[in-house]
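Sequences listed follow chains A and B, in order. Here this note's numbering is used: position 310 in the first sequence is 310, and no number is missing along the way. Count along the second sequence starting at 1, add 1025, and that's the number in this note's numbering.
Keep in mind the hints are simulated off the structure, nothing from the lab. Worth double-checking, as some hints may not be accurate.
[As the list claims (entries may be wrong)] No more than 27 Å apart at the CA atoms, straight line, and that leaves these computed lysine-lysine pairs for DSSO-like:
{"no.": "1", "chain 1": "B", "residue 1": "K1028", "chain 2": "A", "residue 2": "K1013"}
{"no.": "2", "chain 1": "A", "residue 1": "K591", "chain 2": "B", "residue 2": "K1068"}
{"no.": "3", "chain 1": "A", "residue 1": "K1006", "chain 2": "B", "residue 2": "K1068"}
{"no.": "4", "chain 1": "A", "residue 1": "K59", "chain 2": "B", "residue 2": "K1028"}
{"no.": "5", "chain 1": "B", "residue 1": "K1028", "chain 2": "A", "residue 2": "K930"}
{"no.": "6", "chain 1": "A", "residue 1": "K973", "chain 2": "B", "residue 2": "K1128"}
{"no.": "7", "chain 1": "B", "residue 1": "K1068", "chain 2": "A", "residue 2": "K943"}
{"no.": "8", "chain 1": "A", "residue 1": "K59", "chain 2": "A", "residue 2": "K36"}
{"no.": "9", "chain 1": "A", "residue 1": "K858", "chain 2": "A", "residue 2": "K624"}
{"no.": "10", "chain 1": "A", "residue 1": "K874", "chain 2": "A", "residue 2": "K910"}
{"no.": "11", "chain 1": "A", "residue 1": "K973", "chain 2": "B", "residue 2": "K1091"}
{"no.": "12", "chain 1": "B", "residue 1": "K1128", "chain 2": "B", "residue 2": "K1068"}
{"no.": "13", "chain 1": "B", "residue 1": "K1068", "chain 2": "B", "residue 2": "K1091"}
{"no.": "14", "chain 1": "A", "residue 1": "K781", "chain 2": "A", "residue 2": "K858"}
{"no.": "15", "chain 1": "A", "residue 1": "K1007", "chain 2": "B", "residue 2": "K1091"}
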Amino acid sequence: MKTRRIAAVFVCFILLLALPCGIAGAAGPTLSTTLKDGAVVRNSRLTFEVYARDESGGKADSAVTLNGDSVSPAWDDSDKTSYTLSFDAEGEYTVAVEAVTNGGSRKSITYSITYVPAADGEVIGSAVWSVEAFTLGCGYIVEPMRVPIRAGETAADAFLRLLKDSGLACFYSGDTKEGFYLAYIADGDCTLDRYNGYGGSGRAPEPRKLNLSPSIPGYLARCLEDGMDFFDPDEYTEMYEGFLGEFVCTNGSGWMYSVGGSFPNVGFSDCYLSDGDVVRVQFTLGYGADIGGTGALGGQIPGAGDVPQAGYYPVADKDALTSLLADAAEAGLAEGEAYKSALSAACEPNASQSAVDAAAEALREALAAPEEPSSEEPEMSEGTEEPITSEEPAAPETSEEPKAPEASEESAVPETSEVPAVPEASEVPAAPEISEEPAAPEISEEPAAPETSEVPKAPEASEEPAAPETSEEPAAPETSEEPAAPETPEEPAAPEASEEPAAPETSEVTEEPSHADPMETARGIIEWKKADLGCSADEPLLCDGFISLAGTTAGDWYPIGLSRLGADDSFDKYLSVLREHVEERYRTPEKLHSAKATEWHRIALAVLAAGGDPTAFGVDENGKAINLIADGTYDRGKTAPLGKQGINGLIWGLIALDSRRYEVPEGAADTREDIIRGILSRQLADGGWALTGSVPDPDLTAMAVQALSPYCVGDAPDVEEETLKAAAEAVERALACLSEMQLPTGDFKSWGTQNAESTAQVIIALCCLGIDPLADARFIKEGNTLLDGLMRYRQEDGGFAHSFDYDSENPSAVPGESNSMAGEQVLLAMAAMCRLKNGESALYDFRIEGGQEPDTAKEFTAEDRRETDALPEKLTTEYYVTVTALLDKLLSSPDFEGRDGYLQKLTTAKEQIAQIQAEIDGINAEIREKLYPFEDISLGDRKTVQSIAERCMALSEYDRARIEHFDDVVRAKAKVEGALRAAVIGAALALAAVLLAVLLSVRIVKKKRRKAKEMELLASEYEDA
Amino acid sequence: MKKDIPLFLGIILIVAVLVNGTHIQSVDEYYLTHIDDITPESKTVTLSIRCDTVLENYGDLDPALKSDGFVPPDGVILPPTEYVLREGDTVFDVLDRAVRYNKIQMEYQGSSESPFGSVYIQGIHWLYEFSCGPLSGWMYRVDGEFPHYGCSRYVLHDGQVIEWVYTCELGQDVGAEWMGGQGK
């Protein structure tokens, strides 16, 4: 009896322990394969991969049947299982794939495959091939190209043909039908029969050398140093020159290949390709861990199991990009900018998925744009690739479809679509102030570190990929051969022919005139920015989403540029929201900022640009008109020094002060002279200016010239004669310094990086002085004007890139991608050029011709009324911009019938929105206050958590998205509800236990009594007897 | 007697359940509430926040901030702390989580999801840009190097070490040579 009881208790415990497992097990196995349902197969054999996973993510068993007959695995590794299907007769085949876990749960997928036989040798499609030495920093050995697939041929056959046609040789064991193993890829003129025991493919008909100079990226070298038994980055050059393959540089090196993004675990000779496959032959230094292919080796090779299964770093899926590169090369775009930047993105071993996708997208656009091939030869420089492409039947373009990025690899990073505009400022303390000014951003954006010095650095060179600035330093001779070289010098943009017939232009290339016309260029930037924001082309650039940025660095420069170009946009709306924004910030003790006077300057310029008056812009809490000019320039010193943030405060203060030649009243903290003297005193010995230190910075120097320019042209503001002289002299020296800094390409380098913004600022400076920036001999270098220099950064989407430099350590900073800050500064430069050409006032000279203020009365039109009527009953903060602008307009509108009704409605609407905003802020504060630390949240917090959750849910969807950490609210709710449930279940069970115990004891007592009675009975009977 | 056995077993069962805990969750709930638990399999990163340079430039500090409450005597605002790395986490994401979990004040501009720009860290622990001179502000270092772009664009990998450091000299005092290199 006792043993049974113990056994029963034991069983109970087992059951209890199994409980959580049972819950987890409900998810079941997962299964995916590289087969495509409905595929048409032309080869009689088809190899594919099965990825089966159990609940815990471990590899599960799999089984495959072909028309009901079981197929045995061709190869199994720790990651996946390969199967080869053989088809005999034409027709439709059903392939069932099933995953089975240890627990016995199953999952299956059925595919329908059609086999259409082809005669041996018949071309049945094409595959994109590439041979890559990315891990060595050597880019492509064979750039992506489309190669026909012939029936009956294995991948090994195709590979040998590809190499031969590319002018290279290889050494291998086995043969193309069985046991093919690629040991080395070698120089095409190698005539050895055998190398290290492997047979050679023979001399290529048109041989070329591999010409590799390995420079393994630093992040990979570090992994290899730690992870490999043997690692010598120089071994190739010292011992293997001309032979790249197994055991070169590390014990974990050799050739691997991927098909459709996965690394088959069968050899080339067992691999049969299908139309559209992307085959990437890749050189690994770490058993595949450096190229995303660890699984294919598993434990088969000694030492290979030691590398991290997840790889050294996430590796992006580059198949779509590879395929597009092949298409682009075929289309003759190999010399194009998009191709080159795509190439450099592809060649980075740890390129992020977003960078790869962005490069692919850019290339896809370049392919879609039926641009005239430039006057150069459309062929690629490697003529050897020609024979293959020409042999090609019109390849079905299926592989062009963008592959869905492997979600598991790297979830779509939010910043993909973003331009690295403001953010970079964040890291750099200097940046914020700088980012005020249109010029500064590049500082913060700079991938300066390795390339800062102009002097080529020698020792570390082997660690880092070759510095990108090939145009600066004489490139190593092999650079030109290496497709990986990130930056080959671009051709100079066309000169502005109409303006500049004298310019000693060397370029023969005639590009579309748009490149030369500043208005066209500006239009391109506006179009790009609209597309970037997701606006349609006929919408204004200052859409509601953009207007919500009014008063910030990211917002204000675009309206300034637009207005100075004479473009029509929603300036009124911008002004209304900006006013609201300024009034709000004026209610804080620091007003616009405690240190940055440039906040006042930028906003004042934006107010002028949008048609407002910065000396009376809204009212403060005391009902006094806000004077941005006084508070931000001459009287700034009463609160904090104008130059507290550095020289920018003085420069932009002067620009704002002179924007309408504002009078400085008696008793001001700083006079004009003070500010000018402050700027002049900070001029460096060589004529330039810098934020810190003694090396001149082109941006700050150009901006100082912009500030001093009113004192060098006619009708200067009223200052002493001496000051005028000093200013004029300082500007001359500054121009000489800028001229000195200009690069042979026409552009500039700031903080170590060649960039677009510096050039834009210099153009603005010259235009402010009334100097034609394209005609001044001081600013034409080797035939390249400033505009030529600037146009190098123009992207096909119309926007401008900050720089082309590629920083291998920062793979997500996409070089050559249009960037918001570059766009706004080039927009300003184009406006400055247009204004100079049209004889209009300088860029920051906002004096009104004829001294006439524009008519400020606005009419509340029928359209405005309709818009007001259309406002929904339940408003959200999404309507903030609309309501603010409408109300503002109504308030300044002359009376009309029903005005009061509209006034009432809009005022109520504005209050309602303000309330929602307050609620959002309140919830955000409450979340920060009450929900952390998360571990401490318990049943006691239930009420708080529930109230926060209810308040969130009461908001509209749009507003809820503005709750900063709604996910944590959901999380906290789940936690307290779980705790509550646990408590309820616990209480119920305890009650049940007590009841049962009572029942049991009652029974036992009863039994005892009965027994006692029986005993008594027995005793009495006994006595009786 | 025999009838007592199931009763008795029932009680044992219930007691066993109570001892084992009644915290029963669905798989989703479990993952949701344990997302930041560090397990041997977790990918993690380490984050610290320091302001040592302020101590060296105490004279330049905004007088309103001259208090141990704003500038800790050892310069440590957050000692190196390990955080679970979620898929796609950027330096900003981890910083944001760290300051929330430790209730450290932080102010930033922009949104990591907004197409209209990106995040810029204005102040941490009441120390803002320019709080300690015209060249002061926050910078971050990953594995000892100063990246040159926004913290909401830097996607992290397993095992990386992030240090947020306050500089008073445009990075030179914290070893960011690329910023100061020009100035010499």
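These are the hints, each one checked on the structure:
1. B:K1028 x A:K1013: Between K1028 of chain B and K1013 of chain A the Cα gap is close to 21 Å, so the pair holds against 27 Å.
2. A:K591 x B:K1068: Since the Cα atoms of K591 of chain A and K1068 of chain B sit roughly 43 Å apart, the hinted pair is violated (cutoff 27 Å).
3. A:K1006 x B:K1068: Given that 27 Å is the threshold and the Cα spacing comes to 62 Å, the pair is violated.
4. A:K59 x B:K1028: violated, 48 Å
5. B:K1028 x A:K930: Distance ~53 Å between K1028 of chain B and K930 of chain A Cα, so the pair is violated.
6. A:K973 x B:K1128: The given pair, whose Cα atoms are some 20 Å apart, holds under the 27 Å limit.
7. B:K1068 x A:K943: At roughly 34 Å apart (the allowed maximum being 27 Å), K943 of chain A and K1068 of chain B break the hint.
8. A:K59 x A:K36: Since the Cα atoms of K59 of chain A and K36 of chain A sit roughly 21 Å apart, the hinted pair holds (cutoff 27 Å).
9. A:K858 x A:K624: holds, 23 Å
10. A:K874 x A:K910: Answer holds: K874 of chain A to K910 of chain A is near 12 Å, not above 27 Å.
11. A:K973 x B:K1091: Not OK: K973 of chain A and K1091 of chain B at ~40 Å, beyond 27 Å, violated.
12. B:K1128 x B:K1068: holds, 23 Å
13. B:K1068 x B:K1091: violated, 38 Å
14. A:K781 x A:K858: violated, 50 Å
15. A:K1007 x B:K1091: violated, 81 Å
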